[in-house]
Amino acid sequence: MPEGICGMFRGRGAASEEATQAYIRRGRTFRSEPCAVVSPLPGCHGPLLHMSSTMWYIMQSIQSKYSLSERLIRTIAAIRSFPHDNVEDLIRKGADVNRMHGTLKPLHCACMVADADCVELLLEKGAEVNALDGYNRTALHYAAEKDESCVELLLEYGAQPNALDGNKDTPLHWAAFKDNPECVRALLESSACPNARDYNNDTPLSWAAMKGNLESVKVLLDYGAQVHVTNLKGQTPISRLVALLARGLGTEQEEECLELLCRAAGRFEIRRADGTLPKELSKDPQLLARLTNMVAQAPTLRSLARCAVRQSLGMQFLPTAVKELPLPEMVKDYLLLRD
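Taking the working numbering, I'd label the letters of the sequence shown as residues 1 to 339.
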């Protein structure tokens with residue numbers, strides 16, 4: 001037995017659960033009978049044997065819980081080391097729903113595989129809804145990429161819609177990047193900020209635009225996402241999308257996305273703040289010519305007015321806000337980019 005463990009028996013008191021867990025995680029296992037390794041000290045036979053027995057039970061209990069919790073993660077991820085395991089039984093036997101395994105917690109794992117039933121069960125059994133995993137991400141960050149039902153469950157149990165991960169990305173950034181418009185909408189309905197900035201000053205709209213995710217762009221614009229925002233490299237959502245088109249990766253959907261963003265912007269520039277053109281545009285002379293022509297045309301007064309009205313309405317669900325304005329239906333449709 002290692003000296004540290006022996007020392008615990010030599011009168012230093014019972015080991016803390018944390019210390020014992022650490023010992024187990026390093027790969028040690030303990031024998032399944034009471035330990036009597038320590039040489040008895042004169043006059044202390046009884047207390048030492050009692051401590052030895054107590055320590056064995058503590059270690060045996062912790063190792064059992066650790067094993068159950070590891071099996072829980074594997075079962076959620078459908079890596080069944082024990083074919084008959086199921087989540088509810090493992091929790092009933094003592095599996096810890098909040099124990100970290102590697103970089104993952106059970107709730108995060110359930111969201112990664114989009115298992116809404118498992119997410120609900122874990123939350124009912126006390127899983128911490130805003131806990132961080134090894135990447136400083138909450139379960140909501142994973143759910144936002146995958147499944148609206150998981151997102152709604154987490155929000156119902158108090159998940160923070162604007163939680164930041166290690167790169168200051170919100171769940172909305174990830175929902176927009178993965179083009180999951182249902183999750184984008186669910187987050188925005190729960191007060192997620194459509195203009196949240198990450199470490200590079202990119203917003204969810206920028207993330208959606210750089211992949212040409214049309215449906216997510218539509219939802220974000222409906223909730224007042226700003227088009228005239230630049231990141232630390234001077235890129236806007238429009239220039240992000242232009243870079244995608246210039247690489248020859250654009251489709252009809254990306255073209256429609258560009259038109260929508262241009263309508264929302266009113267006017268835009270393709271040159272950076274220092275006057276240079278994005279280097280990607282040099283690869284597509286036709287796209288460069290088209291954009292140059294668009295930029296050269298003076299925006300109409302009504303397009304500028306539309307942009308100003310949308311900005312004045314701020315971050316809210318614009319279809320509802322515009323509906324209440326005392327304007328003709330044709331003008332309302334124009335404000336909502338439906339022209």
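Worth double-checking, as some hints may not be accurate.
Restraint-style ranges between C-beta atoms, simulated for each label pair [said to hold, decoys possible]:
| no. | residue 1 | residue 2 | range |
| --- | --- | --- | --- |
| 1 | 248 | 271 | 16 to 26 angstroms |
| 2 | 295 | 232 | 17 to 27 angstroms |
| 3 | 294 | 168 | 44 to 54 angstroms |
| 4 | 195 | 98 | 24 to 34 angstroms |
| 5 | 233 | 294 | 17 to 27 angstroms |
| 6 | 259 | 67 | 51 to 61 angstroms |
| 7 | 332 | 292 | 54 to 64 angstroms |
With a cut-off of at most 30 angstroms between alpha-carbon atoms, the simulated DSS-like pairs for lysine-lysine come out as follows [to be verified]:
| no. | residue 1 | residue 2 |
| --- | --- | --- |
| 8 | 323 | 283 |
| 9 | 178 | 279 |
| 10 | 218 | 233 |
| 11 | 233 | 279 |
FYI, nobody ran anything at the bench for these hints, they're computed from the structure. Values in this document were obtained by computation on a predicted structure and should not be read as measured data. Note that beta-carbon positions come from the ideal geometry of N, C-alpha and C, so glycine has one too.
Each hint, compared with the structure:
Roughly 22 angstroms separates the CB atoms of residue 248 and residue 271, a value that falls within the hinted 16 to 26 angstroms. Restraint check, residue 295 to residue 232: a C-beta distance of roughly 23 angstroms satisfies the suggested window 17 to 27 angstroms. For the hinted restraint 44 to 54 angstroms between residue 294 and residue 168, the CB-CB distance of approximately 33 angstroms leaves it violated. A beta carbon spacing of about 33 angstroms between residue 195 and residue 98 agrees with the range 24 to 34 angstroms that was offered as a hint.
As the Cβ distance of residue 233 to residue 294 is approximately 22 angstroms, the hint placing it in 17 to 27 angstroms holds. One distance hint, 51 to 61 angstroms for the beta-carbon pair residue 259 and residue 67, holds here, with the actual separation near 57 angstroms. The hint said 54 to 64 angstroms for the Cβ distance between residue 332 and residue 292, and at roughly 33 angstroms that hint is violated. For the proposed pair residue 323 and residue 283, the alpha carbon gap of about 43 angstroms is over 30 angstroms, so the pair is violated.
Between residue 178 and residue 279 the alpha-carbon distance is near 26 angstroms, which keeps this suggested pair within the 30 angstroms criterion. Restraint check for residue 218 and residue 233: satisfied, since their Cα atoms lie roughly 24 angstroms apart, inside the 30 angstroms limit. Using a Cα cut-off of 30 angstroms, the hinted pair residue 233 and residue 279 holds, with the two alpha carbons roughly 13 angstroms apart.
Violated hints, in rising order: 3, 7 and 8; the structure is consistent with all others.
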